[in-house]
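Could you fit the two chains together into a complex? Lean on the hints.
First to last, the sequence lines map onto chains S and W.
When we follow my numbering, the leftmost residue of the first sequence carries the number 1, and every step to the right adds one.
When we follow my numbering, the leftmost residue of the second sequence carries the number 1, and every step to the right adds one.
The set of hints was computed from the structure by calculation and includes no laboratory data.
A portion of the hints provided could be inaccurate.
To be verified - Facing chain W, a subset of chain S residues (Cβ under 8 Å, in silico):
1. Y103
2. G212
3. A377
Claimed, not checked - Calculated cross-link-like contacts (lysine to aspartate or glutamate; reagent style DMTMM-like; alpha-carbon spacing at most 20 Å):
4. W:K93 - S:D381
5. S:K246 - W:D16
6. S:K346 - W:D147
7. W:K434 - W:D479
8. W:K143 - S:D381
9. S:K346 - W:D99
10. S:K346 - W:E67
11. W:K110 - S:D381
12. S:K246 - W:E294
Note that beta-carbon positions come from the ideal geometry of N, C-alpha and C, so glycine has one too.
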Amino acid sequence: MTDLTTLTLTQARDGLRKKDFSATELTEAFLRAIEAGNGSLNAFVLPTPDHALAQAKASDARLAASDPRPLEGIPLGHKDLFCTNGVRTTACSRILGNFVPTYESSVGANLWNAGAVMLGKLNNDEFAMGSSNETSAFGPVVSPWRRKGKDGKLTEAKLVPGGSSGGSSAAVAAGLCLGATATDTGGSIRQPAALTGTVGIKPTYGRCSRWGIVAFASSLDQAGPIAKTVEDAALMLGAMAGYDPKDSTCVDAPVPDYAAQMRQGVKGLRVGVPKEYRVEGMSKEIEALWQQGIAWLKAAGATIHEISLPHTKYALPAYYIVAPAEASSNLARYDGVRYGLRVPGKDIIDMYCETRAAGFGKEVRRRVLIGTYVLSAGYYDAYYLKAQKVRTLIKRDFDEAWNTVDVVLTPTTPSPAFAFGEKTGDPLAMYLEDIFTVTVNMAGLPGMSVPAGLSSEGTPLGLQFIGKPFDEGTLFRAGKVIEDAAGRFNAPDKWWLAGSKGR
Amino acid sequence: MARAQTSKLIRGGTGDWEVVIGMEVHAQVASRSKLFSGSATAFGGEPNSHVSLVDAAMPGMLPVINEACVAQAVRTGLGLKAEIHLRSIFDRKNYFYPDLPQGYQISQYKHPIVGEGEVEIEVEGETKTVGIERLHLEQDAGKSIHDQHPDYSYVDLNRSGVALMEIVSKPDLRSAKEAQAYVTKLRTILRYLGTSDGDMEKGNLRADVNVSVRKPGEPLGTRCEIKNVNSIRFIGQAIEVEARRQIDILEDGGKISQETRLFDPGRGETRSMRSKEEAHDYRYFPDPDLLPLELEQGWVDDLAKDLPELPDEKRARFMTDYGLSAYDASVLVAERESADYFEAVATGRDGKTAANWVINELFGRMNKEGRDIEHSPVSAKQLGGLVELISSGVISGKIAKDLFEILWTEGGDPAEIVETRGMKQVTDTGAIEKAVDEIIAANPDKAEQAKLKPNLLGWFVGQVMKSSGGKANPSAVSDILKTKLGIE
Chain S
1 MTDLTTLTLT
11 QARDGLRKKD
21 FSATELTEAF
31 LRAIEAGNGS
41 LNAFVLPTPD
51 HALAQAKASD
61 ARLAASDPRP
71 LEGIPLGHKD
81 LFCTNGVRTT
91 ACSRILGNFV
101 PTYESSVGAN
111 LWNAGAVMLG
121 KLNNDEFAMG
131 SSNETSAFGP
141 VVSPWRRKGK
151 DGKLTEAKLV
161 PGGSSGGSSA
171 AVAAGLCLGA
181 TATDTGGSIR
191 QPAALTGTVG
201 IKPTYGRCSR
211 WGIVAFASSL
221 DQAGPIAKTV
231 EDAALMLGAM
241 AGYDPKDSTC
251 VDAPVPDYAA
261 QMRQGVKGLR
271 VGVPKEYRVE
281 GMSKEIEALW
291 QQGIAWLKAA
301 GATIHEISLP
311 HTKYALPAYY
321 IVAPAEASSN
331 LARYDGVRYG
341 LRVPGKDIID
351 MYCETRAAGF
361 GKEVRRRVLI
371 GTYVLSAGYY
381 DAYYLKAQKV
391 RTLIKRDFDE
401 AWNTVDVVLT
411 PTTPSPAFAF
421 GEKTGDPLAM
431 YLEDIFTVTV
441 NMAGLPGMSV
451 PAGLSSEGTP
461 LGLQFIGKPF
471 DEGTLFRAGK
481 VIEDAAGRFN
491 APDKWWLAGS
501 KGR
Chain W
1 MARAQTSKLI
11 RGGTGDWEVV
21 IGMEVHAQVA
31 SRSKLFSGSA
41 TAFGGEPNSH
51 VSLVDAAMPG
61 MLPVINEACV
71 AQAVRTGLGL
81 KAEIHLRSIF
91 DRKNYFYPDL
101 PQGYQISQYK
111 HPIVGEGEVE
121 IEVEGETKTV
131 GIERLHLEQD
141 AGKSIHDQHP
151 DYSYVDLNRS
161 GVALMEIVSK
171 PDLRSAKEAQ
181 AYVTKLRTIL
191 RYLGTSDGDM
201 EKGNLRADVN
211 VSVRKPGEPL
221 GTRCEIKNVN
231 SIRFIGQAIE
241 VEARRQIDIL
251 EDGGKISQET
261 RLFDPGRGET
271 RSMRSKEEAH
281 DYRYFPDPDL
291 LPLELEQGWV
301 DDLAKDLPEL
311 PDEKRARFMT
321 DYGLSAYDAS
331 VLVAERESAD
341 YFEAVATGRD
351 GKTAANWVIN
361 ELFGRMNKEG
371 RDIEHSPVSA
381 KQLGGLVELI
391 SSGVISGKIA
401 KDLFEILWTE
411 GGDPAEIVET
421 RGMKQVTDTG
431 AIEKAVDEII
441 AANPDKAEQA
451 KLKPNLLGWF
461 VGQVMKSSGG
471 KANPSAVSDI
481 LKTKLGIE
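Extracted from the complex, chain W is given alone in its bound form (with noise of 0.2 Å):
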């Protein structure tokens, strides 16, 4: 644990500095509708087409609050493990921009939604509990465009008033490679929940990230807050930047002050955006167009019995179910589809050989490929037509990887390709008989010297496989060869 430690440290002029992480992750709430009107969440489509009188602000407008949307901050409170608080109240957070047509952001400032959770993470096999502070909801703002016209800005609303999940962490992190497990857990958490779809490139996840350095067993040093950090890599480096930053500054006898900042990828830095005495005040108090949110037990239980397996979970029974390493059953878990793929493929199957398939063979080409899971040419249930033909002998590994190729590119039901095309493996020990007799015929020499060295069975192997075209049953080609060349 001491060691695991030290190598999260980072070298400074003056010694060792570690570096303490606190995120705010927002994930956009999966709702057909925004948190407070009916218009919808779709991505994309004409500027301010989907806004509704109450997301444009127009006067005499009130919010209503959309329960899918709190539906799903709860189940992502649960899946959080989380405490969930049955009574919420939504406040105003007041400032002036363009694309906040009410003048305030109404969100979750005192008493949010959900409480106190956690979320495991795994670093270089590793495993570490992150706290979660609280989970809140809140509206979006819309869109500030500046690029359209010489003088002016233009304000796209579709996204004013979507609702977006904040989720902040306990300042429990310590690199920035736990600070990516951290978001990609919690991104694969929020998907399995269908609560986010979690897509950085469209902005539907975005994370602010705090970040501070102090000598290891010193108090928390002063924090900077990097805004809207908008990918897992961004992430990475920003906090290396950050914390570079900060100990250049400290070892030069300086302090850090406490302010926002942004990260620039191109430039590889980070930049003040505003200091501490340029911060808003926001004068926060309860909206009154709304009265508290009050949730009964039974539905939150409810909500908690539908709740699907999550990753943690899945993967603890790949492991005793299907007897996969933590390796293999951890990338199956990480995206809920993929899971569900290889399940299709492993039931009723052998777990090991299963994964060792769908990891290797069709993860691998389809990395090549650039594709998904969701876009996989061959199905699960032909991925699982091949492995039945490999454990009931009836293919070789070798030859199942000519199937694979044949079911990627042409398609087909394994068990008929297999039959009609001749790849069955030979397991009549008599033609096996027949090859081993030819090849050891053909080579008298080698057959004497394989009693003394017994390594050149492999040799012979390689010759009879060949020979019958890679369709002999290997284990059955070996045990005939041990038995004519005198093999102990």
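One chain only, chain S, in its complex shape (with noise of 0.2 Å):
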């Protein structure tokens, strides 16, 4: 038999409905990747294999009864930073410590109800904040992608996956599940898929419930997926995304048949090119990535126009203070009091403190502080307020834009992936990471990141479309020709398999 988690999900959904395997046999040899790679790459914090077994086992009788959901028996992995039922769930923080909740997060609910198995939880940053997947209380997640040295081998250097869902990308690309759980406050889902190889769609603000997933800053936030192929990744989300009355931001509107609206290819699409996307200091090798993918969208017969986006320069200084001043009050319900950590202390206020120290990691608290600061009485004014107004400037710039484009190309990020340690020592790269997708969640559109090539290093780069609100189709239909053009990328050694059998 064909080695199951090379398959992608489409395929695998099709096999199971062919019978060509059980979901059982599907999630065992799942399971099994997870427990020969794991240990090296550290993708899954929490895998659940008698969850997994036992919603397979469902699966394996809806599918003998031919009644199969949307997703049946598809197993996927699920971003620590959604609640779990009865299964701990920690925001990678040692905040929460063994918290188990004893609801299910309203996209959980969702792909649990589509027939999707559940592996396990995955590694991220420390609630969603960081840009790499090494500030996780876990430890990072190793990326599957080695970087070739100059005599073309690959190296040794540990390289990061992306983040903060470095867990959801990496297991994806490692293929220790069909798709993953993912979410993105400011590129979360994009930069990590971008990195890895794997393509990730952060949908328009409102289209997915943000109901049991821990916050991190809520006009931000949205649930999205980490998946191989395009037309994998509109699967998910189309099992994701829908109406939730507990969530007020949520949107009441129908869920389109992404896989069919993918299929439409792009003629007449008229793509947007933004000239202030030409950072300074982005290297050539993107801008030869963007100059392709322009090609390639030109030969399947879409129209170029240059367009102008004038205040994308303020858009990352405006997130992080957006970003950081929602998760300085979302935060402040880890207290100690209730649930998770609690460390002693002479007196309440000292019980704060040493909870929250010891809780926090420090990215964490350097937001936290961050946060607390621009909200403050005399700056609210000067930084709070100026985000939001930059925040419209950057919406308004966007709604002129698509008076004459459908979509925007960009480069998802403006390097490869990095090493471990590379940027954690300066705050302000790191932040550069997402210069080329904060920009989206602060106008709340729809952004997507599909690979189109590999570095001189032999690593993934990804583009990325910027939809108009609630125009995932026409993400789904641009990044589907990017695909078809530069194919699928996989990590050339599954190293982290070797390392496995020393252990």
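Here's what the structure looks like:
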């Protein structure tokens, strides 16, 4: 039998329906892959084999009765930011300790109701704050990709899988699951997807319910999938999205058949190329990749238009005001009183301080402090209010753009995957990872990263499409063209399996 | 007007002082569930028995606005003749406290649901309009319990997330009495509207009182805020002692420092809670979990259409429709239940007699026995029957009191009781004449004197009434006596 873990989600779905293999066999294959590879990759922080096998068994019954749901029997990884009923949820922070929710996030419930199987909880940057998955309380995730040295051989240096959804991107890229849930506040789906050769889409703000997802920055957070292919991502998003009255910001609009939309091609599609994204210091290969993307889209019948998004340069600084401000308030509930970690103190204030100092990592503390500062009396107008004004201007830029184009094409990241520790000492360099992605969150628009090529070091690079509100379908159409032209990218060596044998 | 104002001033060693008061009243919204969750709002219950995942601020939980609470706030705004803001915004007020699970209170800061309005109060016969600055919706916190364990405090989240209306007055109040009248009136309006039960004992209505003093005509002085005063009586006491404290400081050449204070009713003093320097920086910002609250004018109009008659309108109507005095009308409209009771008694009958019986006999008796109108043993129908019997001359006022006693203790139908117990007033002139003749015959001297001293008539009336067992119609008795005694 073929290695089931190399299938795409779409192929696996078809195989299950044709009864080429059972959901249990499929799930077992992934559980074996996790067992073999997770020790090296650290993508899963909590595999849930019993849970997975029980779900797979139920799926097999459905499949046997020829009554499959859209994702029947499809094994997925689930980011640890999603609350899972009866399964430990930590947001990869010490402060949540061994917290076990009594409820399931709406997006999670949508997936399991669609027949998907949960293999376990995936690693992420603590509270989704990071761009390299190095801030997790469970330690960093290692990318399955490795750089080529000057001699053309793979180097040993551990690369980051991007963040904050680094567990999701690494697990999908390494074949530890067919697809993974992820969340994106400033690029946390798209940047890890770009760095691992996977497809990631952050839908329009309000497309997926935020209920039951540990909040980072409420006005920016959105759930979305990381998958192997554009079609896989379309299928997953179709199952994840939908109206939820428990989230006041969730929009009541029908979820279209994204996979069907994906097949419509890009003939006549007007693609905008924003001049402001040619940032200083962007590598030549990223520029070349962008031009290649333009050429592929033209060849497929799209028209290319240079556009201007004049407030782009303010997006990153404004983002690093808005996101920490909301985070500082959202994280106030982790106070040691009701659940999670509590470090005793001599009085209540002391208990708060001890608990939060011990429970939050350095990056989280930094953002809580920044957020507290920008909301303080006397600073609010200069920082938070100004950032909100910038946000309005950024939205307006896009509203203008939609008069002339249907979708915008940019690189996803300014540079390829970097090695462990390369940017941890320099928060600003790390924040620059999000320079092309945060704008999309600030404007509440859908954005997708599609693998488009390899860097000179042999590591993946992604292109980003930005769409109109609730026009995810166009992103899938455009993404599919890039995917068809560029092909898929797999890590050249499954070194993580070799590593596991020695253990 | 000038004189009335003078009477409100407080005498100090350096002359008269004027006290300036503004109030922030927190009223619990009457609703089945909380402001942003489906938990019950019922008072009491085991600690932490009305707590949802949202109220406990579990990870990933989100607030969803309860439309019923919004409607109550709008109805209250309409009742306060206030501007209803069709767009309002919920903000987060950030601070750490164990009974505040989210680490922030969801409140409305810059854009409240209700803007300026007014409340009319009456103090010592003088009517005054008190400005309302705003009304906004916010969440209540839970309760910290410090006396259950030597080393730990406990937290009860039953109240956490319950909807409150904060009603902020302008600094229009000038005496403790005015402040008390204001809160009393506000409470009456809320109860009429059914938007809050205003129960201060349960903490469902509490007031923060801002007090400052100044020499008349001078600019406003520095104010102190007295937090969480929970009875009308304490509001009066707190203002009086706080004004006196401030005057004493100023007259000693000191300065008032802006601070938050607590009133200690046991000691009859206010104490500093925290100074302005220690004041929290609440880091307000719009709650990103909630969209701006947008109302449709049509929805507000529908609420306005269904608004009940409010105390001021009702009082005016009672005065015109039933010919009541301003005082009687005020007493009757103070509680919606009393007003409804009165109307049931008075409809189709003599309003003044009805008011007299409701206020003097019924309320008097109930106050003595510590009952409220909902638990009156005499129904409005029974009292109405009694009033009718008086008006139609079937019973005298004196007999009516006996009848009331029977109704109170035994119950029954008033007309039937009067019939079966022979309590009917005697209007048969023959019978009365017979009684008059007997009395005159028995008292020839007095009858003789009466011709010169007509005020002896009263004595004769009394004697005849006595002999008739109180059943004779007193005016008939008086008329017959006048004729027989030859009094003009």
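Comparing the hints with the structure gives:
Hint on Y103 (chain S) holds. Least Cβ distance to chain W is approximately 6 Å, under the 8 Å limit. A cut of 8 Å between beta carbons decides the hint on G212 (chain S): the least distance to chain W is about 4 Å, and the hint holds. Given hint, A377 (chain S) at the interface with chain W, holds; its Cβ is 5 Å from that chain's nearest Cβ, closer than 8 Å. Of the supplied pair hints, the one linking K93 (chain W) and D381 (chain S) holds, its CA atoms being roughly 16 Å apart against a limit of 20 Å.
Between K246 (chain S) and D16 (chain W), the direct Cα distance comes to roughly 59 Å. Violation of the 20 Å bound is thereby established for this hinted pair. At most 20 Å may separate the alpha-carbon atoms for a hinted pair to count; K346 (chain S) and D147 (chain W) meet this at roughly 18 Å. For the suggested pair K434 (chain W) and D479 (chain W), the alpha carbons sit about 14 Å apart, so the restraint of at most 20 Å is met. For the proposed pair K143 (chain W) and D381 (chain S), the alpha carbon gap of about 34 Å is over 20 Å, so the pair is violated.
Only pairs whose Cα atoms come within 20 Å are accepted, and K346 (chain S) paired with D99 (chain W) is accepted, the gap being roughly 18 Å. For the proposed pair K346 (chain S) and E67 (chain W), the alpha carbon gap of about 43 Å is over 20 Å, so the pair is violated. Using a Cα cut-off of 20 Å, the hinted pair K110 (chain W) and D381 (chain S) holds, with the two alpha carbons roughly 13 Å apart. For the proposed pair K246 (chain S) and E294 (chain W), the alpha carbon gap of about 18 Å is at most 20 Å, so the pair holds.
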